[in-house]
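Chemist: Listed below, chain by chain, are the residues.
Protein chains: 2
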Amino acid sequence: MSADGKGGQAGGDTTPLRIGVAGLGTVGAGLVKLLRANESIVADRAGRPIVVTAVAARDRTRDRGIDLAGLTWHDDALALAHDPDIDVVVELIGGAEGIARRLVTAALQAGRPVVTANKALVAIHGAELAALAERAGVPLTFEAAVAGGIPAIKAVREGLAADRLVRVGGILNGTCNYIMTAMRESGRAFADVLAEAQALGYAEADPSTDVDGIDAAHKLAILAGLAFGRPVAFSSVHVEGIRAIDALDLTFARELGYRIKLLGLARRREDGIEARVHPCLVPERAPIAQVDGVFNAVVAEGAFVGRLMLEGRGAGEGPTATAVAADLIDIARGNAVPVWGRSTDGLTQVEALPRAAFNEEYYLRLNVHDRPGVIADVTAVLRDYGVSLRSMLQHGRAASDDPTVADAPSVPLVLVTHRTRESAMIEALARIAALPAVIGDPAMIRIEAG
Amino acid sequence: MSADGKGGQAGGDTTPLRIGVAGLGTVGAGLVKLLRANESIVADRAGRPIVVTAVAARDRTRDRGIDLAGLTWHDDALALAHDPDIDVVVELIGGAEGIARRLVTAALQAGRPVVTANKALVAIHGAELAALAERAGVPLTFEAAVAGGIPAIKAVREGLAADRLVRVGGILNGTCNYIMTAMRESGRAFADVLAEAQALGYAEADPSTDVDGIDAAHKLAILAGLAFGRPVAFSSVHVEGIRAIDALDLTFARELGYRIKLLGLARRREDGIEARVHPCLVPERAPIAQVDGVFNAVVAEGAFVGRLMLEGRGAGEGPTATAVAADLIDIARGNAVPVWGRSTDGLTQVEALPRAAFNEEYYLRLNVHDRPGVIADVTAVLRDYGVSLRSMLQHGRAASDDPTVADAPSVPLVLVTHRTRESAMIEALARIAALPAVIGDPAMIRIEAG
Numbered sequence: 001m002s003a004d005g006k007g008g009q010a011g012g013d014t015t016p017l018r019i020g021v022a023g024l025g026t027v028g029a030g031l032v033k034l035l036r037a038n039e040s041i042v043a044d045r046a047g048r049p050i051v052v053t054a055v056a057a058r059d060r061t062r063d064r065g066i067d068l069a070g071l072t073w074h075d076d077a078l079a080l081a082h083d084p085d086i087d088v089v090v091e092l093i094g095g096a097e098g099i100a101r102r103l104v105t106a107a108l109q110a111g112r113p114v115v116t117a118n119k120a121l122v123a124i125h126g127a128e129l130a131a132l133a134e135r136a137g138v139p140l141t142f143e144a145a146v147a148g149g150i151p152a153i154k155a156v157r158e159g160l161a162a163d164r165l166v167r168v169g170g171i172l173n174g175t176c177n178y179i180m181t182a183m184r185e186s187g188r189a190f191a192d193v194l195a196e197a198q199a200l201g202y203a204e205a206d207p208s209t210d211v212d213g214i215d216a217a218h219k220l221a222i223l224a225g226l227a228f229g230r231p232v233a234f235s236s237v238h239v240e241g242i243r244a245i246d247a248l249d250l251t252f253a254r255e256l257g258y259r260i261k262l263l264g265l266a267r268r269r270e271d272g273i274e275a276r277v278h279p280c281l282v283p284e285r286a287p288i289a290q291v292d293g294v295f296n297a298v299v300a301e302g303a304f305v306g307r308l309m310l311e312g313r314g315a316g317e318g319p320t321a322t323a324v325a326a327d328l329i330d331i332a333r334g335n336a337v338p339v340w341g342r343s344t345d346g347l348t349q350v351e352a353l354p355r356a357a358f359n360e361e362y363y364l365r366l367n368v369h370d371r372p373g374v375i376a377d378v379t380a381v382l383r384d385y386g387v388s389l390r391s392m393l394q395h396g397r398a399a400s401d402d403p404t405v406a407d408a409p410s411v412p413l414v415l416v417t418h419r420t421r422e423s424a425m426i427e428a429l430a431r432i433a434a435l436p437a438v439i440g441d442p443a444m445i446r447i448e449a450g
Numbered sequence: 001m002s003a004d005g006k007g008g009q010a011g012g013d014t015t016p017l018r019i020g021v022a023g024l025g026t027v028g029a030g031l032v033k034l035l036r037a038n039e040s041i042v043a044d045r046a047g048r049p050i051v052v053t054a055v056a057a058r059d060r061t062r063d064r065g066i067d068l069a070g071l072t073w074h075d076d077a078l079a080l081a082h083d084p085d086i087d088v089v090v091e092l093i094g095g096a097e098g099i100a101r102r103l104v105t106a107a108l109q110a111g112r113p114v115v116t117a118n119k120a121l122v123a124i125h126g127a128e129l130a131a132l133a134e135r136a137g138v139p140l141t142f143e144a145a146v147a148g149g150i151p152a153i154k155a156v157r158e159g160l161a162a163d164r165l166v167r168v169g170g171i172l173n174g175t176c177n178y179i180m181t182a183m184r185e186s187g188r189a190f191a192d193v194l195a196e197a198q199a200l201g202y203a204e205a206d207p208s209t210d211v212d213g214i215d216a217a218h219k220l221a222i223l224a225g226l227a228f229g230r231p232v233a234f235s236s237v238h239v240e241g242i243r244a245i246d247a248l249d250l251t252f253a254r255e256l257g258y259r260i261k262l263l264g265l266a267r268r269r270e271d272g273i274e275a276r277v278h279p280c281l282v283p284e285r286a287p288i289a290q291v292d293g294v295f296n297a298v299v300a301e302g303a304f305v306g307r308l309m310l311e312g313r314g315a316g317e318g319p320t321a322t323a324v325a326a327d328l329i330d331i332a333r334g335n336a337v338p339v340w341g342r343s344t345d346g347l348t349q350v351e352a353l354p355r356a357a358f359n360e361e362y363y364l365r366l367n368v369h370d371r372p373g374v375i376a377d378v379t380a381v382l383r384d385y386g387v388s389l390r391s392m393l394q395h396g397r398a399a400s401d402d403p404t405v406a407d408a409p410s411v412p413l414v415l416v417t418h419r420t421r422e423s424a425m426i427e428a429l430a431r432i433a434a435l436p437a438v439i440g441d442p443a444m445i446r447i448e449a450g
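Line by line, the protein sequences give chains A and B.
Numbered per our numbering, the first sequence spans residues 1 to 450.
Numbered per our numbering, the second sequence spans residues 1 to 450.
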């Protein structure tokens, strides 16, 4: 053990680790700032200096608040894979395809360690990239890809490595959590709050990656792969976003003692793995229900360790740069773990279970004509599919002074079920939606313990 | 990077890592159970099997729920330092001195990696042990020493290694948190709740290590050393326990919008490091205020990463064994980090700042005779020491039907100050305690943002 001079101790290699950074957006510029501001801390922790020697970005003239003098500039990021003056490639371009994928692939093929913050790339091509990294015998790390500054990957892949994890997930998208928190606090509609979040810079001009749950799904797929030691096929992750959440749902959730959060959840079952992203009702006293605004939270649960929750900033220049730099320190020390926590020998992607196999409690909100027999009709359908009810909310309509509103105005009807198989729920909902008294599509939100 | 076959990849050493376990109490027996129950998970994650080959404990005949057949038994734990059939010594005996210290010292001197859960040993002798480990070029790890199953040490020492941490701490003792939670929920007195906790096995027969804050101080000293890259002299940590907390304080805290938690807190200041353990009022909406019962929470804050909180089970067989096994997996893979996160070259212990240098907001509860002029007298003293008040609570005494209770019964008077230097507070409190209208010692609890 001591023969190789390891043990993370002094007296080892003190030559600088030379970094090439591809992409100088928020995270790339933040990394350069961090490595400069914390130069001596990083050198102490890494056992040697870590220096940026080359960068690649599209626009050389843009002011990023960092001095690029003395750095080699590459217009083509791919050149970093072979620049002889760098030891590690840091890919901060983003996107599952295109130049980011080509650069990471080329760097690994060239036997060069890679650090990336690219969640889409790792979620979608992680199995293939892990095999490349293993063949080359170099690390591929991505702490910054999940939950920003929270060392969630290290916690799951190393800290909990000895346990049989049964569940992993959490609040993985700060934009959605900000929007849901603001909707709850203000009573405003999704579109209003989204517009405000865009104005404040918390949401992109094209918000779909965030609000449709795709970003959270990338992160969930990565966490699930690490927790269960095997990459999860991204296409099999069930994804629903938050666009359909109505201010009414937040009001009813509160009345029932819940909050609504967009959660990513992966669970190990006897018959396979569940991996899903969707809004959830969580009990308002659950720790995860308290995580508001742009904060992220990662929950993991194992047979021996019990339940853990890690909470912090999931995005932004500083937190994300900290995560990238932590990966670089590990590499500088020669510390590494296989991409999915174990050798990829014989490791194939696992398909997550289909939606029909989920088994949850459900909150249903229907818009119904307020006339006799509606509840009987709806509950009869649920009974036919073996769905039993835990509670029901129907508020009498407000007395109207308007004599033209005489017959059957619409009112919301909220039902909460006991745990039931989602296949039954899907069929029951289709039948309920077709009832003459039901207006529009029923809203369905799953209920989680948190 | 790839030349040494590292990168945590396959194709490396697949010989088993052989473990000698000293101490077969709850954690030792739990570790043996975990390594057997999760044998294949651990082997996959470690890249090689991890097997217990030798054990040392006092009583060979005791039933621990584990089969000891096939293991070498040592009556003298020290023998593990030289048993030729083990690669790593796991010290689970406990105690800062005696056999635990001798074993860890001897094992490191023999060039053997050590894993320990011994917070007292690391807190008090960590500087000296780090130097020994570094000289031998072997790891000394102790993830289980702080916050049980929460990978707090890995998070602070590796995950946040690139940032300049300014603050670390949290709820570090589950027994105290259980007692404070039960006192708040039931309104009962400390002694009652302690007796119940002892009956339930949440508190020891001799509870002083827990309730006097010593256990939390051990953990805080370790966290502070890791966060600031330099061991903190344990004797300089300011420690107060929870025995003096009155049920009244919990009631007043609630009325003021706070909860009371025993926190360990270390802070980097311009003029040095604060390291202290004491009860705190924290705003009831702060995330750490929500962490109840036996749960622990570790908070860290850095210039780049912002604020993180990690929450989970801080003790118990399963969580603690998980942490020990995670350290073993790191060692099996050849991954290691210096004891205090950096080389010990020229690294001396740092003395934490004295109590007089603290600068806090304070909650004061006085027991005063209910007669005119008392408030004027008390507030005059505070004014003399430059302490300004933020709020005051005094409830009129309940009207008494007892004609013998006629003159000047005692009533509680609660004052909340603005931020002030503790040296001023100490002197002001001595003067206040000496006022004729003040009965007994004033209670003082610091207020933290959480």
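Just so you know, the hints here were simulated from the structure itself, not pulled from any lab data.
Some hints could be false.
[Unchecked claim] Some chain A residues judged to face chain B by a derived CB distance under 10 angstroms, without partners named: (1) A233; (2) L256; (3) V305.
[Claimed, not checked] Quick list of simulated restraints, FRET-style, between CB atoms: (4) B/R371 with A/E196: 29 to 35 angstroms; (5) A/R285 with B/R431: 41 to 47 angstroms; (6) B/L71 with A/D271: 46 to 52 angstroms; (7) A/R390 with B/E196: 56 to 62 angstroms; (8) A/L200 with B/R254: 55 to 61 angstroms; (9) A/L200 with B/E196: 48 to 54 angstroms; (10) A/V166 with B/E97: 36 to 42 angstroms; (11) A/E284 with B/A244: 55 to 61 angstroms; (12) B/V166 with A/P16: 22 to 28 angstroms.
All residues carry an ideal CB built from backbone N, CA and C; glycine is no exception.
Chemist: Against each hint, give a clear statement of whether it holds in the structure.
Modeler: To see whether the hints hold, each was checked on the structure:
Of the supplied interface hints, the one on A/A233 is violated, with its beta-carbon coming no nearer than about 20 angstroms to a beta-carbon of chain B, more than 10 angstroms. Against a cut-off of 10 angstroms between C-beta atoms, the interface hint on A/L256 is violated, since the closest Cβ of chain B lies about 20 angstroms away. Look at A/V305: its Cβ gets to within about 4 angstroms of chain B, closer than 10 angstroms, so that hint holds up. In this structure the supplied range 29 to 35 angstroms is violated for B/R371 paired with A/E196, their Cβ-Cβ distance being about 56 angstroms.
Checking the proposed 41 to 47 angstroms range against A/R285 and B/R431 shows it holds: the Cβ atoms sit about 44 angstroms from each other. Look at B/L71 against A/D271: about 37 angstroms separates their beta carbons, and that is not inside 46 to 52 angstroms. Checked against the hint of 56 to 62 angstroms, the pair A/R390 and B/E196 fails, with Cβ atoms roughly 33 angstroms apart. For A/L200 paired with B/R254, a C-beta distance near 34 angstroms fails the hint of 55 to 61 angstroms.
Distance hint check for A/L200 and B/E196: the Cβ-Cβ separation is about 49 angstroms, which falls inside the suggested range of 48 to 54 angstroms. Taking 36 to 42 angstroms as the suggested C-beta distance range, the pair A/V166 and B/E97 conforms, at roughly 40 angstroms. Roughly 33 angstroms separates the CB atoms of A/E284 and B/A244, a value that falls outside the hinted 55 to 61 angstroms. Separated by about 27 angstroms at the C-beta atoms, B/V166 and A/P16 satisfy the suggested range of 22 to 28 angstroms.
Comparing the model with each earlier hint shows violations of hints 1, 2, 4, 6, 7, 8 and 11; every other hint is respected.
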